[in-house]
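Protein chains in written order, with my numbering: chain A, 1 to 135; chain B, 1 to 135; chain C, 1 to 135; chain D, 1 to 135.
Be careful, since some hints might not be right.
Identical chains blur together in the list; that is why a pair holds if it fits in one copy or across any two.
[To be verified] Cross-link-like lysine to aspartate or glutamate pairs, in silico, DMTMM-like; alpha carbons within 25 Å at most: (1) K77 x E36; (2) K46 x E98; (3) K77 x E59; (4) K130 x E101; (5) K130 x D71; (6) K130 x D72; (7) K46 x E101; (8) K77 x E101; (9) K130 x E94; (10) K46 x D71; (11) K46 x D72; (12) K46 x E85; (13) K77 x D51; (14) K130 x E98; (15) K46 x E59; (16) K77 x D47.
Keep in mind the hints are simulated off the structure, nothing from the lab. Computed from a predicted model, the values in this text were never measured in an experiment.
Protein chains: 4
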Amino acid sequence: MYSSEIQLRVRYAETDQMGYVYHGNYAAYFEVARTEAFRQLGIRYKDLEADGVGMPVGELRTCFRRPARYDDLLTIKLLLRQPAEGARVLFEYEIRNEAQELLAEGHTLMVFVSTATGRPVSIPADIVAKLAPYF
Amino acid sequence: MYSSEIQLRVRYAETDQMGYVYHGNYAAYFEVARTEAFRQLGIRYKDLEADGVGMPVGELRTCFRRPARYDDLLTIKLLLRQPAEGARVLFEYEIRNEAQELLAEGHTLMVFVSTATGRPVSIPADIVAKLAPYF
Amino acid sequence: MYSSEIQLRVRYAETDQMGYVYHGNYAAYFEVARTEAFRQLGIRYKDLEADGVGMPVGELRTCFRRPARYDDLLTIKLLLRQPAEGARVLFEYEIRNEAQELLAEGHTLMVFVSTATGRPVSIPADIVAKLAPYF
Amino acid sequence: MYSSEIQLRVRYAETDQMGYVYHGNYAAYFEVARTEAFRQLGIRYKDLEADGVGMPVGELRTCFRRPARYDDLLTIKLLLRQPAEGARVLFEYEIRNEAQELLAEGHTLMVFVSTATGRPVSIPADIVAKLAPYF
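Between the sequences and the hints, there should be enough to build the whole structure, so can you do that?
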């Protein structure tokens with residue numbers, strides 16, 4: 001299993017009039033966790049795209065347990081439970097606040113595609129190799 | 001079954017550098033469909049909140065089939081397949097472009113809560129009554 | 001002078017915990033007004049970009065008079081007070097609620113650029129011609 | 001003069017199809033700089049609001065010099081050139097990338113208000129005192 005963690009602080013812009021983080025904004029929190037997980041593995045996602053490989057989201061699921069609020073310092077844990085293979089990777093996420101309360105959990109199913117054609121392609125060998133030691 | 005449809009046009013602000021609507025923005029599209037479905041039923045969601053009842057999202061799931069793009073005129077269909085009861089309602093959604101291609105489908109599980117306490121409450125009787133004829 | 005108006009309804013996603021529309025979101029409201037003003041003139045902004053001409057924002061200014069709130073039906077008036085010439089166009093905006101109260105006013109200075117080089121280019125002749133009758 | 005700096009990394013969610021950070025998103029970058037400047041002074045903006053004092057934006061101005069892009073590590077410098085007095089404070093900002101290129105500069109005029117009445121109030125004495133040594 002591969003896992004990594006990041007921290008980020010909730011912005012005022014991300015709240016809604018209920019005083020909660022608007023639920024649609026968790027997708028961007030998950031995205032930050034992915035970008036930084038790649039960076040920790042020595043991969044820059046922007047280089048992937050420059051090399052003609054994109055990674056759009058095929059499916060997003062989020063379960064909201066407790067509200068996140070303005071100025072909360074969130075910890076976002078990213079998990080890959082299975083080795084990457086084919087064109088798809090399932091990333092799982094858990095979001096906790098400073099009191100270690102679970103605020104949300106979810107997953108995204110990512111699909112590697114050619115940015116030129118939009119068609120699925122195999123996960124780049126470089127990524128497979130960097131993830132292999134964790135499984 | 002209750003269903004309703006709205007149309008909205010994709011804003012430039014909602015795109016990302018892949019040239020797609022950023023996946024996190026679909027949550028707001030679903031929200032617009034809910035607000036307008038309530039309005040068609042004669043209910044203003046803002047009045048609900050003013051009366052002390054909120055409706056946060058307990059779960060969000062979105063499956064992305066084809067990208068939506070800037071200036072696309074989207075049709076968002078909202079479906080309630082089962083009568084509302086207890087504190088939860090499952091809304092389902094389908095998003096199509098002008099060529100009637102299915103771009104995305106998903107659901108949100110909404111939880112009625114007291115805005116004072118944050119605790120679940122039963123669906124307001126007014127909403128139950130207005131939905132009853134559809135089931 | 002050229003002017004046009006659009007209406008749009010405030011989304012929950014656009015509010016913040018103060019119960020106001022988050023001030024950063026007015027930029028997208030102005031953008032919708034521009035896209036629709038172009039459409040009324042018979043120009044689709046997305047076609048401009050497909051033809052290699054972009055129109056990034058060089059300067060944004062917004063004065064916030066009264067808060068816009070969730071579910072408000074806003075009228076956004078766009079004004080061009082001077083004929084377009086060179087590479088720049090100044091769009092002015094006024095936002096009013098249903099009670100015709102002025103909520104915000106502002107401007108954006110747009111710069112026509114080549115999407116290939118990022119360098120300023122003259123306003124496309126087609127746009128100049130379509131605006132000419134208004135001045 | 002008071003000044004402070006923060007760094008933040010551009011999210012994919014913040015880009016648009018031109019490949020730039022959408023111009024409306026700079027408002028949130030400025031907001032993060034304000035929140036952290038307050039924190040460095042020993043003030044938590046959320047405590048201010050809890051104490052009944054809000055700080056909405058009265059005016060926003062941003063000049064965009066060069067585009068910010070996905071994954072750029074931005075430095076946002078906040079400046080207060082004059083001592084805070086009355087109900088208003090002018091914050092100025094400069095955004096640079098890792099090559100120290102100036103990408104954008106701007107200001108926000110903030111208005112201290114009572115969250116109960118929405119009316120302007122004097123800057124809290126605590127803030128005045130904490131800023132005084134810098135002027």
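Going down the list of hints, with the structure as the test:
For a Cα distance limit of 25 Å, the shortest separation of K77 from E36 qualifies both inside one copy, at 11 Å, and across copies, at 24 Å. Only between protomers do K46 and E98 lie at most 25 Å apart by alpha-carbon distance; the minimum there is 16 Å, versus 30 Å within a single protomer. Taking the shortest alpha-carbon separations for K77 and E59, both the intra-copy value of 18 Å and the inter-copy value of 19 Å come in at or below 25 Å. Taking identical chains as interchangeable, the C-alpha atoms of K130 and E101 are never at most 25 Å apart, the minima being 31 Å within one chain and 34 Å between chains.
In this assembly of identical chains, K130 and D71 lie within 25 Å of each other by CA distance solely across copies; the values are 21 Å between and 34 Å within a copy. Taking the shortest alpha-carbon separations for K130 and D72, only the inter-copy value of 24 Å comes in at or below 25 Å, while the best intra-copy value is 33 Å. Taking CA atoms no more than 25 Å apart as the test, K46 paired with E101 passes between copies only; the shortest distance there is 20 Å, against 33 Å inside one copy. Taking the shortest Cα distances, K77 and E101 sit within 25 Å of each other inside one copy (13 Å), while across copies they are farther apart (33 Å).
Taking identical chains as interchangeable, the C-alpha atoms of K130 and E94 lie at most 25 Å apart only when both belong to the same chain, with a minimum of 23 Å there against 38 Å between chains. In this assembly of identical chains, K46 and D71 lie within 25 Å of each other by CA distance solely across copies; the values are 7 Å between and 28 Å within a copy. For the homomeric pair K46 and D72, the shortest alpha-carbon distance between copies (10 Å) is at most 25 Å, but the shortest distance inside one copy (28 Å) is not. Taking CA atoms no more than 25 Å apart as the test, K46 paired with E85 passes inside one copy only; the shortest distance there is 21 Å, against 37 Å between copies.
Taking identical chains as interchangeable, the C-alpha atoms of K77 and D51 are never at most 25 Å apart, the minima being 28 Å within one chain and 33 Å between chains. For the identical chains of this complex, K130 and E98 are neighbours neither inside a copy (31 Å) nor across copies (27 Å), given an alpha-carbon limit of 25 Å. Proximity of K46 to E59 under the C-alpha cut-off of 25 Å is restricted to the intra-copy arrangement: shortest distance 21 Å within a copy versus 27 Å between copies. Taking identical chains as interchangeable, the C-alpha atoms of K77 and D47 lie at most 25 Å apart only when both belong to the same chain, with a minimum of 23 Å there against 28 Å between chains.
Hints 4, 13, 14 from the earlier list are contradicted by this structure; the remaining hints agree with it.
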